[in-house]
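Chemist: Chain by chain, the residues run as shown.
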Amino acid sequence: MIVLAVSGLQKRFGGVRAVDDVTFSIVAGEILALIGPNGAGKSTCFNLINGQITPDHGTIHLHGRDITGLAPRQIARLGVGRSFQIAAGFASMTVRQNLQTALAAHHRQSWRFWHDAMGAHVAEAAALLARVGLAAQADRAAGVLAYGDLKRLDLAIALAGAPGLLLMDEPGAGMALAERGALMRLVQKLAREDGMAVLFTEHDMAAVFAIADRVVVLDRGKILASGDPASVRANPVVQARYLGSGR
Amino acid sequence: MSFFLTQTLTGLASASSLFLVAAGLTVIFGVTRVVNFAHGSLCMLGAFIGWSILTRLPRDPAWFALGVLGTAAATALIGAALEIGLLRRIYRAPELFQLLATFGVVLVLADATLWLWGPNDLPLPRPPWLRQFVMIAGSRFPLFDLVLIAIGPLVLAGLLLVFHRTRWGVLVRAATQDRDMVAALGVDQRLLFTSVFALGAGLAGLGGVLALPAGSANLQIDLAVITEAFVIVVVGGLGSIGGAYLAAVLIGVLQAFGVVVLPGATLVLVFVVMAVVLVVRPYGLLGRDRGESRTDAEAVTLQRPAGLWQITAAGIGLALFLAAPLLFGPFAMAIATEMLVAMLFAASLHVMMGPGGMPSFGHAAWFGIGAYGAALLAQNLATPMPLALAGAPILAGLAAFAVGAFIVRLSGVYLAMLTLAFAQIVWAVAVQFVGLTGGDNGVLGVWPADPRGFYYVALGLCVGGVLILRRVLFSPFGFALRAGRDAPARAAASGIDMTAHRLAAFTLSGATAGLAGAIFTYSKGSAFPTYISVSHSVDALIMVLLGGIGSLAGPIIGAIAYTGLFDLLLATDFWRARLGAIIIALVLFFPAGLAGWAERRR
Numbered sequence: 350m351i352v353l354a355v356s357g358l359q360k361r362f363g364g365v366r367a368v369d370d371v372t373f374s375i376v377a378g379e380i381l382a383l384i385g386p387n388g389a390g391k392s393t394c395f396n397l398i399n400g401q402i403t404p405d406h407g408t409i410h411l412h413g414r415d416i417t418g419l420a421p422r423q424i425a426r427l428g429v430g431r432s433f434q435i436a437a438g439f440a441s442m443t444v445r446q447n448l449q450t451a452l453a454a455h456h457r458q459s460w461r462f463w464h465d466a467m468g469a470h471v472a473e474a475a476a477l478l479a480r481v482g483l484a485a486q487a488d489r490a491a492g493v494l495a496y497g498d499l500k501r502l503d504l505a506i507a508l509a510g511a512p513g514l515l516l517m518d519e520p521g522a523g524m525a526l527a528e529r530g531a532l533m534r535l536v537q538k539l540a541r542e543d544g545m546a547v548l549f550t551e552h553d554m555a556a557v558f559a560i561a562d563r564v565v566v567l568d569r570g571k572i573l574a575s576g577d578p579a580s581v582r583a584n585p586v587v588q589a590r591y592l593g594s595g596r
Numbered sequence: 286m287s288f289f290l291t292q293t294l295t296g297l298a299s300a301s302s303l304f305l306v307a308a309g310l311t312v313i314f315g316v317t318r319v320v321n322f323a324h325g326s327l328c329m330l331g332a333f334i335g336w337s338i339l340t341r342l343p344r345d346p347a348w349f350a351l352g353v354l355g356t357a358a359a360t361a362l363i364g365a366a367l368e369i370g371l372l373r374r375i376y377r378a379p380e381l382f383q384l385l386a387t388f389g390v391v392l393v394l395a396d397a398t399l400w401l402w403g404p405n406d407l408p409l410p411r412p413p414w415l416r417q418f419v420m421i422a423g424s425r426f427p428l429f430d431l432v433l434i435a436i437g438p439l440v441l442a443g444l445l446l447v448f449h450r451t452r453w454g455v456l457v458r459a460a461t462q463d464r465d466m467v468a469a470l471g472v473d474q475r476l477l478f479t480s481v482f483a484l485g486a487g488l489a490g491l492g493g494v495l496a497l498p499a500g501s502a503n504l505q506i507d508l509a510v511i512t513e514a515f516v517i518v519v520v521g522g523l524g525s526i527g528g529a530y531l532a533a534v535l536i537g538v539l540q541a542f543g544v545v546v547l548p549g550a551t552l553v554l555v556f557v558v559m560a561v562v563l564v565v566r567p568y569g570l571l572g573r574d575r576g577e578s579r580t581d582a583e584a585v586t587l588q589r590p591a592g593l594w595q596i597t598a599a600g601i602g603l604a605l606f607l608a609a610p611l612l613f614g615p616f617a618m619a620i621a622t623e624m625l626v627a628m629l630f631a632a633s634l635h636v637m638m639g640p641g642g643m644p645s646f647g648h649a650a651w652f653g654i655g656a657y658g659a660a661l662l663a664q665n666l667a668t669p670m671p672l673a674l675a676g677a678p679i680l681a682g683l684a685a686f687a688v689g690a691f692i693v694r695l696s697g698v699y700l701a702m703l704t705l706a707f708a709q710i711v712w713a714v715a716v717q718f719v720g721l722t723g724g725d726n727g728v729l730g731v732w733p734a735d736p737r738g739f740y741y742v743a744l745g746l747c748v749g750g751v752l753i754l755r756r757v758l759f760s761p762f763g764f765a766l767r768a769g770r771d772a773p774a775r776a777a778a779s780g781i782d783m784t785a786h787r788l789a790a791f792t793l794s795g796a797t798a799g800l801a802g803a804i805f806t807y808s809k810g811s812a813f814p815t816y817i818s819v820s821h822s823v824d825a826l827i828m829v830l831l832g833g834i835g836s837l838a839g840p841i842i843g844a845i846a847y848t849g850l851f852d853l854l855l856a857t858d859f860w861r862a863r864l865g866a867i868i869i870a871l872v873l874f875f876p877a878g879l880a881g882w883a884e885r886r887r
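Chains L and S, in that order, give the protein sequences. Under our numbering, the first residue of the first sequence carries the number 350, and numbering increases by one thereafter. Under our numbering, the first residue of the second sequence carries the number 286, and numbering increases by one thereafter.
Hints were generated in silico from the structure; no laboratory data involved. Don't be surprised by glycine CBs; every beta carbon is placed ideally from N, CA and C. The reader is advised that the hints may include incorrect statements.
[Claimed, not checked] Cβ-to-Cβ under 8 Å is the rule here; a few derived chain L residues that face chain S:
{"#": "1", "residue": "ALA425"}
{"#": "2", "residue": "ALA437"}
{"#": "3", "residue": "ALA454"}
{"#": "4", "residue": "ALA490"}
{"#": "5", "residue": "GLY576"}
[Claimed, not checked] Derived contacts from chain L toward chain S, CB cut-off under 10 Å, selection only:
{"#": "6", "residue": "THR403"}
{"#": "7", "residue": "ILE424"}
{"#": "8", "residue": "VAL429"}
{"#": "9", "residue": "ARG431"}
{"#": "10", "residue": "SER432"}
{"#": "11", "residue": "THR450"}
{"#": "12", "residue": "ALA466"}
{"#": "13", "residue": "ALA469"}
{"#": "14", "residue": "VAL471"}
{"#": "15", "residue": "GLU473"}
{"#": "16", "residue": "GLN486"}
{"#": "17", "residue": "ARG489"}
{"#": "18", "residue": "LEU516"}
{"#": "19", "residue": "ALA559"}
{"#": "20", "residue": "ARG563"}
{"#": "21", "residue": "ALA583"}
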């Protein structure tokens, strides 16, 4: 089942074609890595799918529905979760309240003025925190978490929306090596268990080749190559342009 | 034809003095990121110092020019002293605290000026050359206005030259872009900031002394000028000198024509122009989005519901308020009512400023709409008190919704400026629509039937109102609102409609302030334009910041402390200076507010 289908996507910034005729799709339970050097158009691709910017040409379909040009929060409500390259929690709340807020939004309860937010979705929040390994930190302020924990919180908030598609922009950035591996394995487990489709960008090639089912290589806005990790790694064009001969 | 020409020239002349002050403000903001409320006070000092110098000098043009330059140099020195003594210590503090500190300076300088020069307006005796006229298109035009018209562009050209052709100017421009980078390149930040502040202060003093021949040195200059200068800086684009000149010309000329064409609406006109410009170009005519400074977010700390000690303190406080009329008599009842109203007013501002992340310089607008709404309902439609008290927050809420729909998308200083603009419009309506509002005389004779009974009604409404706000802030709505402030992109990616939440908070905040205004009207028996003045908006701001923006306890403590302090100080000489000194001390020593300090001490 195709979850996300991107077709002929194009975006210019001035004279630069940041994303130029990009087409790919992801099926349920699949993990797709979007890689490429700095300035290849990965983040632009992300922001197009996420709705933060609108494409000049091309379409984005989610579960067969055209979502091109919708606002981020509308796309979020259709079941697209995302984590951020620079993770940000809701700093004035505890870790648990962060989840309670996200869960309330997911259950369309953000307009309740008279309910007690801290008494709602306690069990669901605890389950999510246990899943990402933050259960012990539930009552700490999100503003004082270590960066690795903040990344996990960011992921948990994204998961609170029960997304069919998870977008992760540089999930390992700023994390220690061991933490990064744990997070990647967690994401892989989520995809396998829940049938969640995952699209992520990453600079760390070890992480990419460890968990990605398929890899799309971008270069100057265009798709240079795509396929399973082994074939991409063996691709001479990719080696010459991006991975470098030394690797 | 001659009408258009003379009005345009008059407008250009006033544009020049507006520009001088605004240019100083915008340069200071660009580099130090401090919104300097005391800028109008520096302009006022310029007028007074200029008066003292010029009245002692021979009265010919050369000595006049020398005196003007001497005045500018003197205010520049005062500016440098201010920067070294105070501002340097608070550059890392959140924006609003800097604002509060500079407002403390406003109060201190106001009383210092009063002490040094006395309460009377000091007009400059004008020598013959200052009284000369020139014939332009068949009508007489003051020679000095022509001089002023020339000074504006000259100073503009001089500033542009300095900023583009000197090493110092290039560093200042670089610091405007990214001051941390400039520091990393090894530039002495302290010297740069002090000199920029001195330049800005000098320009303010120049503007003040050059306005002397057309007016006088008086104690109202500070707040009058700062409001206009803010408008010009914001319309022109924060940090843009060319934009400031453009905006000064636009507003100067519009005012010159407005006085003739729409004499009843001059006050409204300026702020309508500002609102229109900001709605069309949110960052001003020549301004650009600099990315909001995140100082406020850095100050975000965990927000917890009240603990046992806070609830105990609140209980004791409530008991005191309940017993006040029985124990202390009618005078205490009046002060207690003032405190209760202040508490609700400050709490309503907290909702939009704290969890909503929307600072306001014009919160008195909603208070005033509620106050006048209740008063006019009672006077003109003979509405009984309960209905008038219910109608006022509805009116204020509707107004807040209508205004908020245009402005909640903006952020930071620009949003605050638009709230100020709207408050000034409401204030101008109250002053100028004499038929409906009674103008400066206000609406009188709106008394409750039973004063003691009314005290308990006020107590119930104020405490109840605060409790309702508290409940809403800890509801899923309140959490979503706070989430949008803490991490806007994260909240949007979770499906939270931030704009709608902010608008709802804005409306709720306005309605609650309106209720506070209505209660105040009945407790004082009247509604006056002063309820909507800038200084009343600043009162609310001080109460929230004084108590601490981190929790709802802050504005409550702040309101009670500020009202109490105010009533104590009001009985003393130079109370403004004392209040100002206290505010400055609080910012220096309690940067998280009183409640934040108590929280940390536990």
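Chemist: Which of the numbered hints above does this structure break?
Modeler: Going through the list in order, the structure violates hints 5, 6, 14, 15, 16, 19, 20, 21 and respects the others.
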